[in-house]
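**Q** Residues per chain, in single letters:
Number of protein chains: 2
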Amino acid sequence: MDYKVYFENLREQHLNELKEWLSIPSISALSEHKADVIRAADWLADSLSKAGLENVTIHQTEGHPIVCADHLHAPGKPTVLVYGHYDVQPVDPLHLWETPPFEPTIREDKIYARGATDDKGQVFLHIKAVEALLKQEKELPVNIKFCIEGEEEVTSPNLPSFLEEHREALSADVVLISDTSLLEKGKPAICVGLRGLCSLDVQITTANTDLHSGTFGGGVPNALHAIVSLLSTLHDDKGQVSVEGFYADVPELSPEMRAEFVKQAIDENKLQHDLGLDALYGEEGYSFVERTGARPTLELNGVYGGFQGEGSKTVIPKEAHAKITCRLVGHQNPQDILNKIERHIHANVPVGAKVSVVQREKGNPFTMDTTSPMLQKAADAFNQVYGVRPVFTKDGGSIPIVETFGRLLNVPVVLMGFGLPDENLHAPNEHFNLDNFDKGLLTIVEFLKQV
Amino acid sequence: MDYKVYFENLREQHLNELKEWLSIPSISALSEHKADVIRAADWLADSLSKAGLENVTIHQTEGHPIVCADHLHAPGKPTVLVYGHYDVQPVDPLHLWETPPFEPTIREDKIYARGATDDKGQVFLHIKAVEALLKQEKELPVNIKFCIEGEEEVTSPNLPSFLEEHREALSADVVLISDTSLLEKGKPAICVGLRGLCSLDVQITTANTDLHSGTFGGGVPNALHAIVSLLSTLHDDKGQVSVEGFYADVPELSPEMRAEFVKQAIDENKLQHDLGLDALYGEEGYSFVERTGARPTLELNGVYGGFQGEGSKTVIPKEAHAKITCRLVGHQNPQDILNKIERHIHANVPVGAKVSVVQREKGNPFTMDTTSPMLQKAADAFNQVYGVRPVFTKDGGSIPIVETFGRLLNVPVVLMGFGLPDENLHAPNEHFNLDNFDKGLLTIVEFLKQV
Numbered sequence: 001m002d003y004k005v006y007f008e009n010l011r012e013q014h015l016n017e018l019k020e021w022l023s024i025p026s027i028s029a030l031s032e033h034k035a036d037v038i039r040a041a042d043w044l045a046d047s048l049s050k051a052g053l054e055n056v057t058i059h060q061t062e063g064h065p066i067v068c069a070d071h072l073h074a075p076g077k078p079t080v081l082v083y084g085h086y087d088v089q090p091v092d093p094l095h096l097w098e099t100p101p102f103e104p105t106i107r108e109d110k111i112y113a114r115g116a117t118d119d120k121g122q123v124f125l126h127i128k129a130v131e132a133l134l135k136q137e138k139e140l141p142v143n144i145k146f147c148i149e150g151e152e153e154v155t156s157p158n159l160p161s162f163l164e165e166h167r168e169a170l171s172a173d174v175v176l177i178s179d180t181s182l183l184e185k186g187k188p189a190i191c192v193g194l195r196g197l198c199s200l201d202v203q204i205t206t207a208n209t210d211l212h213s214g215t216f217g218g219g220v221p222n223a224l225h226a227i228v229s230l231l232s233t234l235h236d237d238k239g240q241v242s243v244e245g246f247y248a249d250v251p252e253l254s255p256e257m258r259a260e261f262v263k264q265a266i267d268e269n270k271l272q273h274d275l276g277l278d279a280l281y282g283e284e285g286y287s288f289v290e291r292t293g294a295r296p297t298l299e300l301n302g303v304y305g306g307f308q309g310e311g312s313k314t315v316i317p318k319e320a321h322a323k324i325t326c327r328l329v330g331h332q333n334p335q336d337i338l339n340k341i342e343r344h345i346h347a348n349v350p351v352g353a354k355v356s357v358v359q360r361e362k363g364n365p366f367t368m369d370t371t372s373p374m375l376q377k378a379a380d381a382f383n384q385v386y387g388v389r390p391v392f393t394k395d396g397g398s399i400p401i402v403e404t405f406g407r408l409l410n411v412p413v414v415l416m417g418f419g420l421p422d423e424n425l426h427a428p429n430e431h432f433n434l435d436n437f438d439k440g441l442l443t444i445v446e447f448l449k450q451v
Numbered sequence: 001m002d003y004k005v006y007f008e009n010l011r012e013q014h015l016n017e018l019k020e021w022l023s024i025p026s027i028s029a030l031s032e033h034k035a036d037v038i039r040a041a042d043w044l045a046d047s048l049s050k051a052g053l054e055n056v057t058i059h060q061t062e063g064h065p066i067v068c069a070d071h072l073h074a075p076g077k078p079t080v081l082v083y084g085h086y087d088v089q090p091v092d093p094l095h096l097w098e099t100p101p102f103e104p105t106i107r108e109d110k111i112y113a114r115g116a117t118d119d120k121g122q123v124f125l126h127i128k129a130v131e132a133l134l135k136q137e138k139e140l141p142v143n144i145k146f147c148i149e150g151e152e153e154v155t156s157p158n159l160p161s162f163l164e165e166h167r168e169a170l171s172a173d174v175v176l177i178s179d180t181s182l183l184e185k186g187k188p189a190i191c192v193g194l195r196g197l198c199s200l201d202v203q204i205t206t207a208n209t210d211l212h213s214g215t216f217g218g219g220v221p222n223a224l225h226a227i228v229s230l231l232s233t234l235h236d237d238k239g240q241v242s243v244e245g246f247y248a249d250v251p252e253l254s255p256e257m258r259a260e261f262v263k264q265a266i267d268e269n270k271l272q273h274d275l276g277l278d279a280l281y282g283e284e285g286y287s288f289v290e291r292t293g294a295r296p297t298l299e300l301n302g303v304y305g306g307f308q309g310e311g312s313k314t315v316i317p318k319e320a321h322a323k324i325t326c327r328l329v330g331h332q333n334p335q336d337i338l339n340k341i342e343r344h345i346h347a348n349v350p351v352g353a354k355v356s357v358v359q360r361e362k363g364n365p366f367t368m369d370t371t372s373p374m375l376q377k378a379a380d381a382f383n384q385v386y387g388v389r390p391v392f393t394k395d396g397g398s399i400p401i402v403e404t405f406g407r408l409l410n411v412p413v414v415l416m417g418f419g420l421p422d423e424n425l426h427a428p429n430e431h432f433n434l435d436n437f438d439k440g441l442l443t444i445v446e447f448l449k450q451v
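Here the protein sequences come in this chain order: A and B. Heads up: the first sequence is residues 1 to 451, going by full-length UniProt numbering. Heads up: the second sequence is residues 1 to 451, going by full-length UniProt numbering.
Please note: incorrect hints may appear among the correct ones.
You can't tell identical chains apart in this list, so a pair holds if it fits in one copy or across any two.
[As the list claims (entries may be wrong)] Only pairs whose alpha carbons sit at most 25 Å apart, straight line, appear in this in silico DSS-like list of lysine-lysine:
id : residue 1 : residue 2
1  : K4        : K449
2  : K313      : K340
3  : K34       : K313
4  : K313      : K362
If you're looking for bench data, these hints aren't it; they were derived computationally from the structure.
For reference, chain A alone in the conformation it holds in the complex (with noise of 0.2 Å):
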């Protein structure tokens, strides 16, 4: 039978499964929920086990479980490790929700709920591919196994232990992801960029009490002033990161990725009306898209220190906080680069101020070579679905998973996503388009038999 013509016999009863799973509250990051995560997992192996998977593993982990099954039976044929995870976001602000995240609803063409495009309708189109496969054909084009965790959702802290201690098992021609997002309707993307990730607190402290400013003001540090001054001096006018040494490791762009830039260029203008900007911002001579996908960045997420209540109070504080984030891109190291930021602190600390920083996440970025065959590959089964092959793109954020996969599996990773840009992930009424849950379907069953 026709892979169409049997996913929409089955679209009712696959549906009301998908239902099932996204309406355990599988929320990682809420202990209350401990039980519900572990429903899920088990949910989970269930629905592996039914679809035709073998060894089906639930993993205990020092978090939560991660669930893993295989199916290896086309000697001579590649490996395909399909990653995912069916940890979901907290749901708050739940007033803003218009239906309750965890009793799926369809309008429009569209589930809603917690976890519906992110990442458990995801993953379960991976299921529901290889069920589709075994059932029509009776075996497997390829060799496949599953590796879905339950804390994408907390920066995954138990997985790559996990993926260190069982790399042999784990081993696989190529990583599969689907846990991203067409360009927009109809305009497929195979995202080839992550950026990296690395963050750091400081903290700054003058006097060992806070002091009244008419007894001591203009006689005394104030570690706001201190602050201000050191922060300020973490960017030029221009919009780069002033840090000695910060861009030594990022790849100018060239011409080929230029041109891929241009394919995923957005409205700038009605971004900034949409955000409610006087201006975007950035480095020059860099589009917005390259600004955000190929260059990294240097963020202050929280400056904090003396009075925020009502009126005002006059104190001169004795302590002032930061928290920072950078985005890497290119060769940028986690770790040499948080050496260059804490150097340049130490290097720039006002008089009469001391400072302690401490260096929290680390994560690469991640690169995909575009000419690798197995994107080429998953460029043509996107093609011969959506008729239109897709874009390659770099995206701005971080999923430090991805890269750990790449580097300790040492294979190419394929991020072949299928939610859409404006789904509401990690927000209220997050849902997934059906008409990429009916596309996702054949486009993975495209892949599997191509690849």
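Chain A is fixed; fit chain B onto it per the hints.
**A** For chain B alone, coordinates are given in the frame of chain A:
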């Protein structure tokens, strides 16, 4: 009878009376103490009557009452207006008090209670000094008026309009206020300068919502970058305020004034050590007491925006805030300074940021001419009792009502304080040294006799 003997004989009775007053928790800032504030006003009125004062009146205001009284039977003699306050600061943190704040206790010749030195204890001296003169001489050497308010600790919101309305009734030749301190034990001081105050809030906004640093980082303005960049323009790297015209109305220090400052010089190394500072900091070319007493300052009291929780959050904040106060000197006008700062801010708004400014408090600086005969009489009285002439000090703090008295009544204001700098006013374990209680009574009697 010699006044020293007179006050010694009545010491225990006087202290018991003061303890009664100090037992009333007249915390003006806390509405649950409204009845206590009224009780304290009643106690004061009663005490003034018993001392022999006339026309004792409790004036209702929109807040707490103002208690007035007078004794005007010395035709041809000067009129002295005594100002003070019977309200007190809140008492938290309560657990740091060695004895409860409203159970006055005498230890090591100090009376411990909230309000002991600020300002019930010092107001009480004036009542008992007048009572002593009336008992011993049957008449007063001057005309005297009392105006004691209950809202000093909440910035006297109703006193200026009261003074304007009762300008005639309160007319005097000198205003006498005991709400300040000696320089140190045995070293009396008359404060001849108080800094003015002005304050403002600054808000920066960029986008209409917080943005994700992955999707947008590097491509849009960040409200925190904008505010640190803006705030860092407010000072130069020598500790001077960079706002154009900020110092226009600041008089240069005369050799005489510098000589007075040398007398009140402090050990700057010890201060730096006590405050846990790596360095004192401020305008070059001035000592600490000059910087805090005779130079203006602009202080950031609070700066905040974005994420302040544990860990990190990849947010580009849409808004950021700053709270600023200035201490003013000489002829600086708070409204003029606020306008200059506001102009500076609007001229330095970074690209993509919108700024709004809210002007708040405005209090003029206060300066007394040190050659005023009233000041010299007060100095003579101190000399008589303490055996040493007082230093004329300039204080970094602000008591805007002092300037208001001088300006509205157009008379000299004598700040004849009997506190000590370490008596914990506004803090736990506030106390008043009884040595200065005794000497204060005699100094006031002496002043009233000599004036």
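**Q** Taking the earlier hints as the rules, which of them does this structure contradict?
**A** none
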